[in-house]
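Asks: All chains, please: the whole structure from these sequences, using the hints.
Listed here are the chains, written in short residue letters.
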Amino acid sequence: NAGVTQTPKFQVLKTGQSMTLQCAQDMNHEYMSWYRQDPGMGLRLIHYSVGAGITDQGEVPNGYNVSRSTTEDFPLRLLSAAPSQTSVYFCASSLLIGQGRGGYTFGSGTRLTVV
Amino acid sequence: AQKVTQAQTEISVVEKEDVTLDCVYETRDTTYYLFWYKQPPSGELVFLIRRNSFDEQNEISGRYSWNFQKSTSSFNFTITASQVVDSAVYFCALSGENTDKLIFGTGTRLQVFP
Chain G
1 NAGVTQTPKF
11 QVLKTGQSMT
21 LQCAQDMNHE
31 YMSWYRQDPG
41 MGLRLIHYSV
51 GAGITDQGEV
61 PNGYNVSRST
71 TEDFPLRLLS
81 AAPSQTSVYF
91 CASSLLIGQG
101 RGGYTFGSGT
111 RLTVV
Chain U
1 AQKVTQAQTE
11 ISVVEKEDVT
21 LDCVYETRDT
31 TYYLFWYKQP
41 PSGELVFLIR
51 RNSFDEQNEI
61 SGRYSWNFQK
71 STSSFNFTIT
81 ASQVVDSAVY
91 FCALSGENTD
101 KLIFGTGTRL
111 QVFP
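As you go down the protein sequences, you meet chains G and U in turn.
To convert, note that position 51 of the first sequence is 51 in my numbering; the numbers rise steadily by one, no gaps.
To convert, note that position 112 of the second sequence is 112 in my numbering; the numbers rise steadily by one, no gaps.
FYI, nobody ran anything at the bench for these hints, they're computed from the structure.
As the structure is a prediction and not an experimental result, all values here were calculated from the model.
Watch out, some of these pointers could steer you wrong.
Claimed, not checked - Computed spacing ranges between beta-carbons, pair by pair:
| hint | chain 1 | residue 1 | chain 2 | residue 2 | range |
| --- | --- | --- | --- | --- | --- |
| 1 | G | Asn28 | U | Asp29 | 23 to 31 Å |
| 2 | G | Gly16 | U | Arg63 | 44 to 52 Å |
| 3 | U | Gly62 | G | Gln57 | 25 to 33 Å |
| 4 | U | Asn67 | G | Phe10 | 32 to 40 Å |
| 5 | G | Ala82 | U | Thr72 | 26 to 34 Å |
| 6 | U | Pro114 | G | Gly16 | 46 to 54 Å |
Stated by the list, open to error - Quick list of in silico lysine to aspartate or glutamate cross-link-like pairs, EDC-like style, CA-CA up to 20 Å:
| hint | chain 1 | residue 1 | chain 2 | residue 2 |
| --- | --- | --- | --- | --- |
| 7 | U | Lys101 | G | Glu30 |
| 8 | U | Lys101 | G | Asp56 |
| 9 | U | Lys70 | U | Glu10 |
| 10 | U | Lys101 | G | Glu59 |
| 11 | U | Lys101 | G | Glu72 |
| 12 | U | Lys3 | G | Glu59 |
| 13 | G | Lys9 | G | Asp73 |
| 14 | U | Lys38 | G | Asp38 |
| 15 | U | Lys38 | U | Glu15 |
| 16 | U | Lys70 | U | Asp55 |
| 17 | G | Lys9 | G | Glu72 |
| 18 | U | Lys3 | U | Asp29 |
| 19 | U | Lys16 | U | Asp86 |
| 20 | U | Lys101 | G | Asp38 |
| 21 | U | Lys70 | U | Glu44 |
| 22 | U | Lys38 | U | Glu10 |
| 23 | U | Lys3 | U | Glu26 |
| 24 | U | Lys3 | U | Asp22 |
| 25 | U | Lys38 | U | Asp22 |
| 26 | U | Lys3 | G | Asp38 |
| 27 | G | Lys9 | U | Glu44 |
| 28 | U | Lys101 | G | Asp73 |
| 29 | U | Lys38 | U | Asp86 |
Backbone N, C-alpha and C fix where the C-beta goes; we use that ideal spot for every residue, glycine too.
Replies: Right under this line is the structure:
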């Protein structure tokens, strides 16, 4: 049982570069989400998805793009990296409410630095 | 709108002291779910507990206990006889019956000194 796998674990980008943070889960969870964690601000929701082909914005979506072509994968794209996007990113998945509210499983995080 | 408030930014205690981490939430949902997560210095998020809104029983797990009070919209977390290994950031979080989104508080950093 791999759970939620995030890659890469660390990344340094130059301002203006683009990249994709990968997130994959093997628990057949319909719900997947991305958070960013910044000092003193907790975890803030960027984007989320309730199933393949369905995505929606969270609290801080600007500068990020997502797609959900399969149940297993939920990549997060930074279109043009900015220093303000320096953060730790977490992917999380869970069953949907209608499937029984369980816990949320988190990946181990990606530490991104934009210089 | 849903909101979670953890007013304590940082708490420092000496080993073997008891410590309570406060969590106050806001929601209009009738059914909702409350969570606590631990984030040790290594950075991963460790699930501690999930509580349904219709179950107001307090829970104890070893040195950990949780006090859920609907009347004050609080879900406080107590560590009894704290240990150095309890040093971490602790997050309270909320999800509702009408959304799968999980909303976090800003976290409380607990430092336990030997």
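Asks: State for each hint whether it applies.
Replies: Going down the list of hints, with the structure as the test:
1. G:Asn28 / U:Asp29: 23 to 31 Å: holds, 26 Å
2. G:Gly16 / U:Arg63: 44 to 52 Å: Taking Cβ atoms as reference, G:Gly16 and U:Arg63 lie about 49 Å apart, which means the hint holds.
3. U:Gly62 / G:Gln57: 25 to 33 Å: Between U:Gly62 and G:Gln57, where Cβ atoms are some 40 Å apart, the hint is violated.
4. U:Asn67 / G:Phe10: 32 to 40 Å: holds, 39 Å
5. G:Ala82 / U:Thr72: 26 to 34 Å: violated, 41 Å
6. U:Pro114 / G:Gly16: 46 to 54 Å: holds, 47 Å
7. U:Lys101 / G:Glu30: Between U:Lys101 and G:Glu30 the Cα gap is close to 12 Å, so the pair holds against 20 Å.
8. U:Lys101 / G:Asp56: holds, 11 Å
9. U:Lys70 / U:Glu10: Violated. U:Lys70 to U:Glu10 sits at ~25 Å, over the 20 Å cutoff.
10. U:Lys101 / G:Glu59: holds, 10 Å
11. U:Lys101 / G:Glu72: holds, 18 Å
12. U:Lys3 / G:Glu59: holds, 12 Å
13. G:Lys9 / G:Asp73: holds, 17 Å
14. U:Lys38 / G:Asp38: holds, 16 Å
15. U:Lys38 / U:Glu15: Distance ~18 Å between U:Lys38 and U:Glu15 Cα, so the pair holds.
16. U:Lys70 / U:Asp55: holds, 10 Å
17. G:Lys9 / G:Glu72: Given pair G:Lys9, G:Glu72 holds - Cα atoms ~19 Å apart, limit 20 Å.
18. U:Lys3 / U:Asp29: holds, 12 Å
19. U:Lys16 / U:Asp86: holds, 11 Å
20. U:Lys101 / G:Asp38: Judged against 20 Å, a Cα distance of about 19 Å means the pair holds.
21. U:Lys70 / U:Glu44: violated, 30 Å
22. U:Lys38 / U:Glu10: holds, 14 Å
23. U:Lys3 / U:Glu26: With Cα atoms ~5 Å apart, U:Lys3 and U:Glu26 stay inside 20 Å; holds.
24. U:Lys3 / U:Asp22: holds, 14 Å
25. U:Lys38 / U:Asp22: Judged against 20 Å, a Cα distance of about 14 Å means the pair holds.
26. U:Lys3 / G:Asp38: holds, 18 Å
27. G:Lys9 / U:Glu44: holds, 12 Å
28. U:Lys101 / G:Asp73: holds, 18 Å
29. U:Lys38 / U:Asp86: holds, 9 Å
Checked against the numbered hints listed earlier, the structure breaks hints 3, 5, 9 and 21; every other hint is satisfied.
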